[in-house]
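Colleague: One line per chain: the protein sequences are A and B, in this order. Reminder that position 120 of the first sequence reads as 120 in this note's numbering, one-by-one numbering, no gaps. Reminder that position 189 of the second sequence reads as 1189 in this note's numbering, one-by-one numbering, no gaps.
Don't read these hints as lab results, they were simulated from the structure. Just so you know, even glycine gets a beta-carbon here, dropped at the ideal spot from N, CA and C. Be aware that one or more of the hints could be misleading.
Chain A side only, calculated, beta carbon under 10 Å to chain B, not exhaustive [claimed, not checked]:
1) S2
2) H4
3) I9
4) Q15
5) Q195
6) M202
7) S204
8) R207
9) P302
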Amino acid sequence: MSGHRVAAITRRLLQGFRRDRRTLALLFVAPLVILGLLGYLIRGSSSSPAVGIANEDQGQLGAMFASALERSSLINASTIQASDGGAKLKDGSLVAYIVFPADFSSRAQAGTIAPEVHLEGSQPGTSAPVLQALQQALTSVAATGPVHFEPQVHYLYGGQGFDTLDYFGAAFIGLVVFFLVFVITIVAFLNERSQGTLERLMASPLRRGEIVLGYMLGFTVLALIQSAEVLVFSLAVLKVHNQGNVILIFGIEALMALTAVNLGIFLSMFARTEFQAVQFIPLVIVPQVLLSGILFPVSTEPRPLQVVSDVLPLTYAVNGLRDVMVKGADLTWASLELDAGVVAGFCVLLIVAGVATLRRRIA
Amino acid sequence: MAEAFAVDIEGVHKKFGELRALDGVNLHIKTGEIYGFLGPNGAGKTTLIRSIVGLVAPDAGTVTVLGRRMPDVDNLRNVGYMTQQAALYPGLSVEENVQFFAAINGAEEQDVTDALKLVRLDDRRTSVVATLSGGMRQRCSLACALVHKPKLLLLDEPTVGVDPQLRVQFWDDFRRMAASGTTIIVSSHVMDEAERCQRLGLIQYGKVLAEGSPNEVRALAGTNNLEEAFLRLAGAKAS
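Excised from the complex, chain B in its bound form (with noise of 0.2 Å):
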């Protein structure tokens, strides 16, 4: 049976020395949704996200990703992961790098074919990683996440130097793969690439200050601008 949500957050505590990166957050993401999480740079957006794959241990709180506890080794072969910095093999080429996370995931070379194909480098799979350009190693490196075709893919801010033409493209290809049944979790701190989330958490000072669909997201402050509804709700909060 399919659970009911991807990730379930509850209560989530971390601090960092005398930061608090995570205050009390709470989250229920549903299966196959596109979620993101919004939020100025520092905000507790890749902290949260490490946790969700088990990379950082709460002080308190629970993080259960897919109906399991985490951390949970076995069960990251339903996770992808893509990191904010484009965390590839300088001196592999394209398609060794894509062939070693299908590796160690348990995919197959069919897999890493569809991989390339789906980032648009299976021109490319020879050239050495070292040798791209910013946004063609983030391609590769999203290639690298999906390869295996997880359950849950976290995209740690996917699509910086990426160009336009082929961020309209990612999102096509994203809001495809929820349609499978893929769970979807976007950390940005672009309102563009925010508004094409199925729904929002803001996060600002490790707390989550809202959350909804971007309509909701912009009714709850009462502007017709994401931005300003970020504004808006994160000075509520503060003051």
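The shape of chain A in the complex, shown without the other chains (with noise of 0.2 Å):
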């Protein structure tokens, strides 16, 4: 193993990319405006759900609710007719509409409080709103009354303003740098095979340990220079949650980077062309999406698949990422040395696969 003959390596992939404006925005722009556009897309809404609020009742609890309801910021309530409620749900101006029937009241004293619910249902994100909006119009109503219903929250994690983009932020941030790495990656090492430089480095005293360790070194410099980037922009302009040490996310973004390098070298090898090697994408990235826990919970998932799950790099990414970022876990955790061990784990093994699957010969 020379590392004059390594460097040389990297130093030409880097002087590669100094010209190569179009990757280089896809590698340092791209991330920006993913993670942006998912920020602005969960914290930008600027209007609630539209409900339709029909008091009927003949006492005053009906008011109050309504009174409560028009209050929260959760929905957008207006008065309506009951009769009419119908036929705006289906022209789609309303999402709900409640009602507080002629009894409400009466039944309220007897020990029932039943408003009737009448919800679009076609968009379950658009109903959980309306839903949540009762709720606290219920504690709100209870809370006049000669009982005080104030319920003492604690959390263990996150509080009361984690929202959405703070649990899908700090998955989001090692799927990015995931995703651009392992696709400019085999893309790069593509082209190395069809322009016929491969070739040439097979017929010169370059060894095959050199070619990879030299191509992972050039990625993973700009690879961390990505994650770098992607953090600061989460965390300053973001602002997602962040209860960790901002060192150790990082340490993992990095091992996610090296992992998806070595993914990319390790697969180009099965591919022929830059098509063929964009194949690889809804293969590899798409499974991982949606098994490794980013959008829905591996605990949640038919066994089968969380037995998939757990063979996949990104699903302990994601994890560990969430433990530090959300839950402020370190490396006195048992969890977080587990999921940091096992990406640290498919990047070796990814190292190994690649330089053994780098053919010199042609045939």
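Each of the two chains sits in its own frame; use the hints to bring them together as a complex.
Modeller: Pasting the structure below:
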């Protein structure tokens, strides 16, 4: 193994990227666009779901509920006639309407609080805030009665301000780095083959390990810069919730990037054209996005899929990032040691696989 | 002690599926000579060159380069290989490409300057390869192959896309390098190039049909024209 030759490959790789503005943009601008868009989607929403309130109650309670709902920031409440509700749900002007029937107060006195909630139902995401607003209204109304309902809520992790972006953000930091580094590595390594330079390298004194190491170091430099950029943007601009050590988050990101680089090198051996290389994206990236716990917790997956999740590197990286950022985990946590260890193990395995499959001989 | 033969190929066979790419090839190429592999496209010239650098594993037979049985990675520091396609990094400058191949072959910065002067690209050293003409790319590719001053230089169709004036200069340089002890193997299907080689191997269907100097090959076929000689010899073997 010659350090001089490894350095030559790393230097050559970085020199190539220096003039390749499109790839540089994919590496350093695309992550900001993706994460920025995600942040804006989740936190930038200006309109709350429109909900109609029809108060037919002959007692006082219906009016108290209606008033509490109108004050709620979760929904945009307006007064309607119960008879118009169905038509408004169908034409899309309302996502729900709530009716407080004539006997609402009298039934409440008998022990049953029974508002009628009519949901449009085709978009689960808009139904949840309606039910949440109704619960808040119940709490608010209960607080005005003789019995004060004041739950003392304590969060182990997260907190009252913890939102969807905080949950997804931690995972997306790892995903964005993994995805973009993988795509660029596999295509760049394949270029080496298609432009004939790999044949030239193989007809030189270079060892296979030197080629893989040189590539790995070159891409790692780029991936680390990208990881740092993604981290700073997520924490400073998007204000993604973080309870943990920033160096630890960066460490997990770096491990992810290294894994992606080596996965890209390894899989490039099985593609002959860039088109074939791109076909690996749905095969490699999409299952990991679905099964690594980014969108759905692994523990809620059907058992056979959990087995698959358990052998995906992204599962451990996402879990580790969430543990650090959401729960404030450090390396004294056994779960984080496991996550970091497994990702590092994948990385070593892929380096060995990459070196082993890089064939010197064409046939 | 210098080896008598720079390249010694003994009974090499290679099949790709049903295709016999090399069919019992025996060749003995002397140190310091310019040897030409002459044959039509698909004759097996490139496979033969690849087997010399160890990129193709023969099914049978042996390839010995500079006294060492191939494949031998360490021996490749003595070999320069210019592929048929001008295999370069298009996003790098001419100088950066040559510097890279110099670095992986253990050559010095002065060797880069020498190689660029030899191929007359020293005034274009900062030009990005993607912006060069086909001929210039060939010259840059040649510089990458010879920057480390190899003892054996393999050139697969080296003058494709090179203008006639530069082609003459290239051959002057090849002769000078051969005179200083470098063995040069050139593959070509152009008769004009074949005339410039000291010895030729006429290759078709993965076999060496005839071997000798251009004059010997012409005499063997009973004609004064090398192209005619090739066609006669190929026809005789086929029948």
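Colleague: Each of the hints needs a verdict: does it hold here or not?
Modeller: Going down the list of hints, with the structure as the test:
1. Interface restraint check: S2(A) against chain B, minimum CB-CB distance 8 Å, threshold 10 Å, status holds.
2. The closest approach between the C-beta of H4(A) and any C-beta of chain B is roughly 7 Å, which is under the 10 Å cut-off, so the hint is satisfied.
3. With 10 Å as the threshold, the beta carbon of I9(A) comes within range of chain B, its nearest partner Cβ sitting at about 7 Å, so the hint holds.
4. Given the 10 Å rule on beta carbons, the hint for Q15(A) holds: about 5 Å separates it from the nearest Cβ of chain B.
5. For Q195(A), the interface hint holds, since its Cβ comes within 10 Å of a Cβ in chain B; the closest pair sits about 6 Å apart.
6. Look at M202(A): its Cβ gets to within about 6 Å of chain B, closer than 10 Å, so that hint holds up.
7. Here the hint on S204(A) is kept, as its CB sits about 5 Å from the closest CB of chain B, short of 10 Å.
8. Here the hint on R207(A) is kept, as its CB sits about 7 Å from the closest CB of chain B, short of 10 Å.
9. Checking P302(A) against chain B: minimum C-beta separation of about 44 Å lies over 10 Å; hint violated.
Hint compliance for this structure: hint 9 is the single one not met.
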